[in-house]
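**Student:** One letter stands for each residue in the lines below.
Protein chains: 2
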Amino acid sequence: MKRTILSLVAVALATVTMTAQEALWSGTQVQSPVVNVDGTVTFSIFAPQAQKVQVTGTFLPTKMVETPMGKWEQPGVADLQKDEKGVWTFTSTALESELYTYNVIVDGMLMLDPANVYVNRDVASLTSLFIVKGEKGSKGDLYSVNEVPHGNLAKVWYDSPMLGMKRRMSIYTPPGYDEGKDYPVLYLLHGAGGDEDAWPTQGRTVQILDNLIAAGKAVPMVVVMPNGNADCQAAPGEWPRGMYQPSFMESVNPRTQPKATMDESFMDIVNYVESHFKVRKDKAHRAVCGLSMGGGHSFHISKRFPDKFDYIGLFSAGLHIGGDQTKAFYDLLKGNDTVQKQLATLFAANPKLYWIGIGETDFLYRQNADLRRYFDEKGYKYTYRETDGGHIWRNWRIYLTEFAQLIFK
Amino acid sequence: MKRTILSLVAVALATVTMTAQEALWSGTQVQSPVVNVDGTVTFSIFAPQAQKVQVTGTFLPTKMVETPMGKWEQPGVADLQKDEKGVWTFTSTALESELYTYNVIVDGMLMLDPANVYVNRDVASLTSLFIVKGEKGSKGDLYSVNEVPHGNLAKVWYDSPMLGMKRRMSIYTPPGYDEGKDYPVLYLLHGAGGDEDAWPTQGRTVQILDNLIAAGKAVPMVVVMPNGNADCQAAPGEWPRGMYQPSFMESVNPRTQPKATMDESFMDIVNYVESHFKVRKDKAHRAVCGLSMGGGHSFHISKRFPDKFDYIGLFSAGLHIGGDQTKAFYDLLKGNDTVQKQLATLFAANPKLYWIGIGETDFLYRQNADLRRYFDEKGYKYTYRETDGGHIWRNWRIYLTEFAQLIFK
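From first to last, the protein sequence lines stand for chains A and B.
Take the first sequence: its letter number 302 is residue 302 in the working numbering, and every next letter is one higher.
Take the second sequence: its letter number 37 is residue 37 in the working numbering, and every next letter is one higher.
If you are wondering where the hints come from, they were derived from the structure by calculation, not from laboratory data.
Incorrect hints may appear among the rest.
Copies of the same chain look alike in the list, so a pair counts if it fits in one copy or across any two.
[To be verified] Calculated lysine-lysine pairs in the DSS-like style (CA-CA distance at most 27 angstroms, straight line):
#, residue 1, residue 2
1, K166, K381
2, K378, K281
3, K281, K181
4, K278, K381
5, K136, K166
6, K409, K136
7, K281, K308
8, K52, K281
9, K378, K82
10, K133, K166
11, K308, K327
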């Protein structure tokens, strides 16, 4: 039946010729991007009227730019070439197995690739998306949906008494969950500007966990991805504030002063999960980690509740403990008795893993180096992982992949 | 802590001046769209280099175009005006409470509104999205997230023995589900080119159900939104076929011949839901409805399993029962003994509601009129709803809203 209906529609559309309709379908006249057999990728943009078409994205070499805050990565830009039909193309060098995001720039207008429906949202920036899959076990393979058992992903509303509101979170339950029991729980926290949708989309959490569990490299676990902004209920568009434009630079909901901080209220999440899911309820079966602001949250949550988490992960963590932020973080730490006592209590309880990961060009590198220096002096055990690149999702997917293999074992 | 990290990032970004970076952030220099207090909507596009900027979308008056298949709706187009800063603007007339989708056309390139992160995917077309909320109980209000108890939405993998694969579906559980029991189930089916993500996104299923349940206009129910393409496992990008470009015109997976049709295999879905969710398992607590191809599926499923569903809804249904498709559907019906017998059995069992809805300019209007003529002749009871407009999501959201209020009562 489907074919019949489609052919009816095709006839109807084919007979309708008009400017807008042509524009609406113009993007589909080409296939883009195409991952070629040699690992290069070809981008094709149908833009007969354009004077200049470029592509910018994470697949191009980045340039490091010096700023007062340290080095910052500038995305590369490449020019496309036009053929006689008005199709502009560019073919990359052979790319390593990875997930890439990009935009097209047509006469100065930044846009998505019109022929690619896969869209990535990072705060307020939309990019097109592709994966170079590569060999089994490579990054691109781990970030892909493969022929393995799949876990489920739910958007769940829970009550946070401490924040005085219902809030939304993403929860991954592993393959076989309905028949299983006693799962450990990983709490996985996003960065500033992000929300409960960040890890399941940009972080490829579902694919990474499905693939690691299928390969026997991670144990089946529940993964809880809450919203880390204590002043809002949910991701943009998913709560009554409406379809506002998310921002990296300002508070999510400047009209409201949160009743508590994210780390103060964190047990509301744990309590909900442990009363609604088939999970273990002890320290040995709880892990907390996060990126950037979420790394800071993990730092605070783990020391605020030192008997709750045996596995702690700081991914490019943004650490803030008050005081004069022009001072080195090491000095702030040495001057803050409360934080020092909390850390002493945490490490006295011997957490099984305190994992710190950061990129060598991350603007938060020094903060994290200061934390490690302090831990070294105190004899607090931690595992350190340094990657290349900066404060980027490529690193956070790597850190999740590695951290998930170390916990609950 | 969040503010501190953000200010660090802001400083870093502010000092990095470069073409690509400027382009990346250019869309955020304006706010667009803005719903004004008088109900008009202003679109603003920063495009200093552009010669011509237009907007096209469902908020503009459509023009009906004659085609061999009947009338077809052509989207309206409006020109934006440029100011001295390179910002192009257009303000609509006052719009009724509704959800609208649109695109911007910059020098012939169709694109999303760069300042709007809310994106709607319809098969392979991406559009920007906004809602004019309006009064309580209006369409825009029903499609919005309001301060009401929220149900959860899960992406669930189930086993379909008849199709020989694991498949993905979207399942809405109403507010209070964890504490409740014995819920009725609505099976809600998408159209050709669609998938299990269509109803939760374009159909605003979660918002409509949350709002109707909160208002006491619909009973709390589980809503199951499966993938109606028997030749694939899941939505594009969500199964191992990878990030292919979805198409309206061809089969989802032309490489594979499905082992069964969607309606033949439908009890695989019902069996999974009834063994994994807290639902009633009788005819009085099952409803099936769908749009276009999914309306056809509902037609076939309900007569194939005449003792299973007390509530049946055909939304702009695409009806196909084999035979020569150049013949009127009425003649096909009269010539098909099997279908006639199935319908006779179905109506002999007195379903509580057989609901048919269609737009007066829908290209499938005549088919559905033929079905009604046949039902009238046979004395089969049904409820008929005709709206203006054609084969469009605006109608399907209306039909879901109305149908959901009629079932399980």
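**Student:** Could you run down the list of hints and mark each one as holding or not?
**Tutor:** Hint by hint, here is what the structure shows:
| no. | hint | verdict |
| --- | --- | --- |
| 1 | K166 x K381 | neither (37 angstroms within a copy, 44 angstroms between copies) |
| 2 | K378 x K281 | neither (30 angstroms within a copy, 62 angstroms between copies) |
| 3 | K281 x K181 | both (12 angstroms within a copy, 26 angstroms between copies) |
| 4 | K278 x K381 | neither (31 angstroms within a copy, 47 angstroms between copies) |
| 5 | K136 x K166 | between (41 angstroms within a copy, 21 angstroms between copies) |
| 6 | K409 x K136 | within (23 angstroms within a copy, 53 angstroms between copies) |
| 7 | K281 x K308 | within (9 angstroms within a copy, 42 angstroms between copies) |
| 8 | K52 x K281 | neither (58 angstroms within a copy, 61 angstroms between copies) |
| 9 | K378 x K82 | neither (62 angstroms within a copy, 63 angstroms between copies) |
| 10 | K133 x K166 | between (39 angstroms within a copy, 22 angstroms between copies) |
| 11 | K308 x K327 | neither (31 angstroms within a copy, 70 angstroms between copies) |
Taken one by one, the earlier hints fail for this structure at numbers 1, 2, 4, 8, 9, 11, listed in ascending order.
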